[in-house]
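Chemist: From first to last, the protein sequence lines are chains L and V. Residue 192 in our numbering sits at position 192 of the first sequence, with consecutive numbering throughout. Residue 1127 in our numbering sits at position 127 of the second sequence, with consecutive numbering throughout.
These aren't lab readings, by the way, just hints derived from the structure by calculation. Be careful, since some hints might not be right.
[Claimed, not checked] With a cut-off of at most 20 Å between alpha-carbon atoms, the simulated SDA-like pairs for lysine to any residue come out as follows:
id : chain 1 : residue 1 : chain 2 : residue 2
1  : V       : K1086     : L       : I64
2  : V       : K1124     : L       : I13
3  : V       : K1199     : V       : R1284
4  : V       : K1129     : L       : S65
5  : V       : K1017     : V       : S1290
6  : V       : K1128     : L       : L69
7  : V       : K1129     : L       : W129
8  : V       : K1199     : V       : R1220
9  : V       : K1230     : V       : E1262
[Said to hold, decoys possible] Partial list, derived from the structure: chain L residues whose beta carbon lies under 7 Å from chain V:
id : residue
10 : R9
11 : L10
12 : L12
13 : I13
14 : N14
15 : S65
16 : T70
17 : F73
18 : Q75
19 : S78
20 : G218
21 : L228
22 : P229
[As the list claims (entries may be wrong)] Reference listing, derived: stretches of chain V covered by chain L, where coverage requires no fewer than 3 residues with Cβ under 8 Å from a Cβ of chain L:
id : region
23 : 1072-1082
24 : 1153-1162
By construction, the Cβ of each residue, glycine as well, lies at the ideal position given by its N, Cα and C atoms.
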Amino acid sequence: MRRTLNVIRLQLINRSTFLWTPAIVLGAAVAMSILVYVLIPSGEPKYGIAAGQAPLWVFLSIGISAMTLTFPFSQAISITRREFFLGTMAAAVLGSALMGGLFLIGGALEKATGGYGLNGWTFYLPWLWEAGPVGAFAVYFTLALFFFVMGFTGATVYKRWGAVTLTTAGVGLALVVIGLVFLATRLELWGQVGVGVAQLGAFGLALCGLAATVALMGVSFLMFRRTLP
Amino acid sequence: MTTVIDVQNLTKRYKDKLALDGVSLTIDENTIYGVLGRNGAGKTTLMSILTAQNFATSGDALVFGERPYENARVLSRICFVRESQKYPDESTPTHAFRAARLFFRNWDQEFAERLIDDFQLPMKTRIKKLSRGQLSAVGVIIGLASRAEITFFDEPYLGLDAVARQIFYDRLLEDYAEFPRTIILSSHLIDEVANLIEKVIVIDGGRILLDEDTDALRGRAANVIGDATKVEAWAQGREVIHRESLGRVTSVTVLGHLDAAERAAIAADGLDLAAVSLQQLVVRLTQNASSSASDTAATITEEVH
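Bound-form chain L, shown alone (with noise of 0.2 Å):
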């Protein structure tokens, strides 16, 4: 339990990594999107969620390099590739809440400025605040933690698997999402889907989000537990 405690502190030494560089990301997206919003002359409301996504690019890249660097070195300083996983992914986790903690303050000062005076929105998207803050909150932090386990799974594919590998599972899942989208035009199910979404809310689709993330932990970590540094 220690030495799992300290795979969290291991990834947290260099703090750029998991704080830093995706807040300074975000920062720097909000700033552009406030100067899109000055230039946008439209008394309309508008939303900047370009933005929003922006750190989580960070966060998929952070996921690579977690698998491809920071786990040889691990290997070095003999940690097993357990306390090493679980560790990692308190960290993601921890730095995922730091992203939804951001997006809640940017929330909260946009609610407070009218969107900075010029009625543009990149956090506070009415949807994503039906659910109030908590709704808020998790769907950021599952998207945040989604983006990281993607990046850490993928290149524990291509570690173990090879480039050809990763890009036939991209391929397959690319194929499975448009599966589902021809069985839901066909089926004419999109009005149902709709109702769906609606009746989960931003909270409950987050949770589902969560869930679906929570699996690929695991799947990530039975791949995991037999790859090379």
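Once you've looked at the hints, dock chain V against the given chain L.
Modeler: Just chain V now, with coordinates in the frame of chain L:
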């Protein structure tokens, strides 16, 4: 002496290559071992399996009497910094040492700082910006300051200049004298480490060619040089592992201990007797093994035809 590593019939097969071929050996506690062999001989694969970084195809490796895979009891007592060790993205030597300190209970920070001074390692530079030698120094410092009960060094000197290598050898010996532990060092610079290592393990083609005390090995071979006819006559019936001729002068390297009478006879014959360095001995033995392996292969081919 207590055995800390026990390897039985260890085999590692990659897709098209047999990296380890039925390796069996034991490693004693508080001893410095040199693992010698050519590139691709299986040195790194062996060390990786012993530290559970890699997996054997068959056979067994016990460290402190237990399997090391996912075994924190065993792993917390060993340290293996690879020759091309990777470090976390954007990390500096400061980060790497702070992390190592979290996991090695015997970590000596003062010793680490002294080594940092010795190697003049820039602590605030990101590791990916360091030179090859400085990168090696990071690994060497982690290996030494961890004071792990079993420490593996896989060609730790790459890119280190002669002075830095000497610092490494000196600090290793000093610290080992004070804190005895098991050191397993793989190296190509055989003569440089010859005075350091107490036991020699030579691997070639995935097999153990030699596993002996360094001192016993020194007397195992001799070089006799002189008039070709006399040398050939003397070498008759002996196990010659190498032969070189230039005009009428021949030099043979023979296996076997020479007693005082034999030495006197060589001198009386007007022949010169020279010591065989550890490096020469390892090179000759390895060449001999690979040529006899290809001889066997040739014989088999002939038999098939």
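Chemist: Any of the earlier hints contradicted here, and which numbers?
Modeler: 7, 12, 20, 24
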